[in-house]
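Given chain P's structure and the hints, the job is docking chain H onto it.
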Amino acid sequence: MGVSSMAAGSDAMQLQLCVFDLRRGQQEGQELDKILFFYPSDCPFLTQLSLIGLCEGIITFTRIFSPEAACEVIEAEKHSHVFYEAEPDIWMVLVVEKSKDDEPVWRCEALQGVLKEVHSLFKMFYMSIYALLDKQPSGELARSHLHSFITDYLSDFQLGKKVQMPSFRDSLKERGTVQMLTVSREVALEVQSLITAISSCCNGCDSIILFQDLLVSTTLPPDDTTNLFSYATLRLTPHALSSSTSSSWSYLRKGNSTPNLSNLTLLNEHQSRSLDASSLGQNRQISSIPRLLQRDKWSKGKDGFLVPNFSGGESTPVVWNQQTEECKYLCVYQQKGITVVMLVPVSSLANGEQELVQVKKEFLENVAQRVTIVEQKLSRGWGGENAYHVSGYRYLLIDRDRSVSRATPTGKVTTLTKESLLYLNKLREEVDIEKWRWHRDNPDQEKELEVCIRAKNNAWVIAKVTRGKELYMVLEKANETLLYATDAVEKFSNRYCEGAFSMEY
Amino acid sequence: MQTRAGSSGSDALSHAYIQSPPIRCNIPETKGLLYDDGNKLLLSPTADRVLSWKVGAPTEHNPPNSDLIGEGPALSIRYSLDQKAIAIQRSNHEVEFRNRETGLTFSRKCKQDSERILGLFWTDCPTCDIILIKTSGIEMLLYDPEQNSLHIMETKKLNVVWYVYTHESRMLLLASGMQCTVFSGYQFSAAAGIVRLPKFEMSMTKSEANSKPVLSSDDVHIVTIYGRIYCLQFDRVGMHINVYRFYRDAVVEQGSIPAYSSRVAVSSVDNVILAHQLDAKVVMLYDLFLDSLSPISAPLPLLLKGSYGTNSRSTSEESESISNAYEGMIYVDSWNFLVPDLICDVDNGLVWRICLDVEAISASSSDVPSILQFLQHRRSDPAMIKALCLAITRTLILEKRPISVIAQAMDVLVASYSNSLRSGSIPSATQNTGNRNNHATDSGVTSEQAIVSADRAKSVIGDSSSIVSIRSPSTSDDTVNPEESEEPVGDRSLKSAVPQQMASHGASVAISPDEMHRFVFTLVEDEMSGDPSYLVSVIVEFLRSASREKLKLNPDIYLMMNQLLARSNQHANIALFVSNKIIEPSKEVAMQLVDLGEQNLKIRKLGLDMLRLLTLHHDYVSVLLQDGYYLEALRYARKNKQTTGCGKMPEVSACIVV
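Chains P and H, in that order, give the protein sequences.
The first sequence: position 460 = 460 (UniProt numbering), numbered continuously.
The second sequence: position 141 = 141 (UniProt numbering), numbered continuously.
Here chain P stands alone, though its shape is the one from the complex:
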């Protein structure tokens, strides 16, 4: 334990993440009750309390001036504190260490994006933190859920022994957006028809279809789509499945590769803590939480459906629709590159999961073959991992209206120099602020903005924002004139964005 706490201690310097409820622990001596989650979990309570105390103080203070949006970030000398009010009075705060040199390594909005994402995934599976607190006012239910969930979520950011938050190297990515596969009209119609066939398997059944790690179609509203898409790309797609199986090749190796967040120790540690506060009955409840973000828990069954294998809980996971607050079974069917995520309303099945077998059977009988056909068509038109690479350009394209983004593939981004990426990170930070200000002053109108920067390393770093669409671009080894840069953007815009960014002066 000593070794692990030392390791955790050095982590604590680098990253802290906490969730707390301002309404709780109002009386002196009960401050600990505010804390719903703290990472690292072996951090001394005193440290935890002092961080939460600081945050609470700042929130209370800034609320005087801005009751709606209290505090976004504290920039201290050595740390950045990023705030996110997940639910009213329930705050998530992420503390990251600043680098030694001047350049900011993090972008506030990207870090907030992480908090947003983990929270909306949490909501998808457990409705909300509020709901859990309501269910069990002592908070242990919420704590145990948050604990396992966020810990599992953070395991994806783990790099060696450290938890690595998205940094400037990820500035050509946008968390919380969906990446879509571009298909021909003919295939789109085919897919749409498949979607209808899927929904006829069961009344009120929603579905999203992915090909590789890209979304093909959805019947869900945008926010649900985004959540389910994130989950699918994290845990369900062929890519996600294969990467997790490779890491869990053997128990031994698994133990080696995830030393810090080894689930078992965390759970033990947590249980020992919860024993203090709660009864034995609740403890049993805790151990039966299905840990839906745990790795390696989905495996492909013989019939093509993915089989969940979570410790405890129901065998078929349940998700919540954000708008309708409807509870649905999560069924995943996979065939080669295609992943069909079906959401079957719990209320539509009188006998619960037994009837789900019937739905699956019907799917296999009537739809599975069409999935094969669509898969073949999609893979025929699929340009591979680098399909959306445009040579000479390193770009990120965001459509805010549809929460869709497309970017240069990760492999190609790594060819950029650190300098260019740092510039881009900085530029994006500026654009974020500029957009935020504009929105505050002109709620009805959208920001139009264009920035072209010639960086010290002679790269062009470009940002264009127009009517809900954003384009970020890095051009290295490019000609030195501004005309060249704008021309390059123009070409790109006409070719790949239907002329959305083509505005000349």
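Be careful, since some hints might not be right.
[What the hints assert, rightly or not] Okay, derived cross-link-like pairs now, DSS-like style, lysine-lysine, Cα gap no bigger than 27 Å in a straight line: (1) H:K581 x P:K377; (2) H:K400 x P:K447; (3) H:K400 x P:K361; (4) H:K639 x P:K447.
[Said to hold, decoys possible] Computed footprint of chain H on chain P; a stretch qualifies when at least three of its residues, placed anywhere within it, have a C-beta under 8 Å from a C-beta of chain H: (5) 181-188; (6) 191-197.
Because the hints were derived from the structure by calculation, they are not lab data.
Note that the Cβ used here is the ideal one computed from N, Cα and C, for glycine as well.
Leaving out everything else, chain H in the frame of chain P:
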């Protein structure tokens, strides 16, 4: 679906019926009825004359034509195809030829002892006019009307027991052998000349060890369906009907269909095969389009129906009385089945035409896609069949049948439309050539009738739309104009092309995408206000079929989709459909999105993006101005050198200054 008013006895279930009133040929002193299928003439010889009725012409009150043929027996009478001469078979050894203009006659006789004349027919084959079939072989003869003489062009020596020929197919089958199961086949067509088929043998089930049944000419039927030529051979012992199809270089057995009677007759109505089970007094229907040998429907009796109520009252009353009198006489022994769809009642001197009750057929099956397929292949009364197809499709949607069924139905209808576009039966500049090519490639032995029937379909269309009011009830739609069928093919197409193209407007069976939108989706939408997403799924299936056939669609259907999606608040779906072009961009759609976007900014932007994509500069600038994006509008206008939208520019500059 409520076209029939004055039908009698229609409460009974039936898929085929004979239409009252029949053609009456029961004139006293006549001796029997003969049929000349080359000219579609019903012939009734008297002592020294022959009376003739044109089948299909309004015969009700028309007196028959009469020709002098002199005294003597007449085993068969055949008018030449130009109707200038008459050939009368007087005996087994003598045929008399009579020039109708000059009245001159001469006879051709054969050797009394060694051969017998089995029959003859006139042909439009380029090398000869008459084919004479004898027990010792066939003679191809050229007729010279001026000299009133014959020249032998070619003879083929072979043993013939009996023969079968139909002018419709131009096919001659010569039976030989002990059991008469060995066949030689010839086709005499205007286009391809004489085609000789390889010899082939029909199969017969043996009854007992030693007795070998002999095939009778009554049991072999040549049927022309969809321009293809089939032969149906009734195997009395095996109680089934073998089906053969003729190709230029082969005869291929297609399988067999069961028989339920010891006597079977075959007709074909509108490319449907009717197998009359005479003893069982039922008829079975087969559609060989997709080479399926399963019947379309259950065996049901042939009915007698009165005329359409549209004609004068007296006629229908009269027909009523005939119907009543004739009831119970269906499939009597004296019935003679004529090619392709006539029944001649020799005893009563009546000729009936068989009709299909497509409504009854479509009502009797629950497999809607295949019924639609069946209907789309029918050529008679296209307007009615189209209306029926539309009604069936509407019902399908209103009943909310599974989307998979709808998808199949859409596939059928759209494929049929696209086929008729390609084959040119829906008017287009290349109508006639397209038609001919199509048939030449897809039917093995190209029957002359292939072209005729295709053309006929068109002339039918002309009939129904233009002279519907004067049409006598006995005139079926399936009528070839007399003048037309006798002219050489090239000539005919030239003459008929223009008026037929005009006439066939809107009278094809095929349903265009536009009609689908107007007569199905729009009507259905009004009725089923509750569930837009079901209708959207239906339309998506339609779009899928249309895209498979590469049909161009009118923006109306997309406007409707947007409307439906917006009504059910599926804005994300609109965005998805627009972005993957399921909803194809057009100015109409763009402007609709802009309007729908009054409530939803994202939708408005979709419309705006579409305007820019379509380079509709003027509209794009106008919408930008409306939304208050003055700078962007100005920039865009300048960039695209757009001056038309700049009438508003002064106001704009004013706005900016303010």
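Checked hints:
1. H:K581 x P:K377: Distance ~17 Å between K581 (chain H) and K377 (chain P) Cα, so the pair holds.
2. H:K400 x P:K447: Answer violated: K400 (chain H) to K447 (chain P) is near 46 Å, above 27 Å.
3. H:K400 x P:K361: With Cα atoms ~23 Å apart, K400 (chain H) and K361 (chain P) stay inside 27 Å; holds.
4. H:K639 x P:K447: 20 Å, holds
5. 181-188: Since three or more residues must qualify, the claim that chain H covers the segment 181-188 of chain P holds, with 5 doing so at under 8 Å.
6. 191-197: Our answer is that it holds, as 4 residues pass the Cβ test (under 8 Å) against chain H, meeting three.
Violated hints amount to a single one, hint 2; each of the other numbered hints is respected by the structure.
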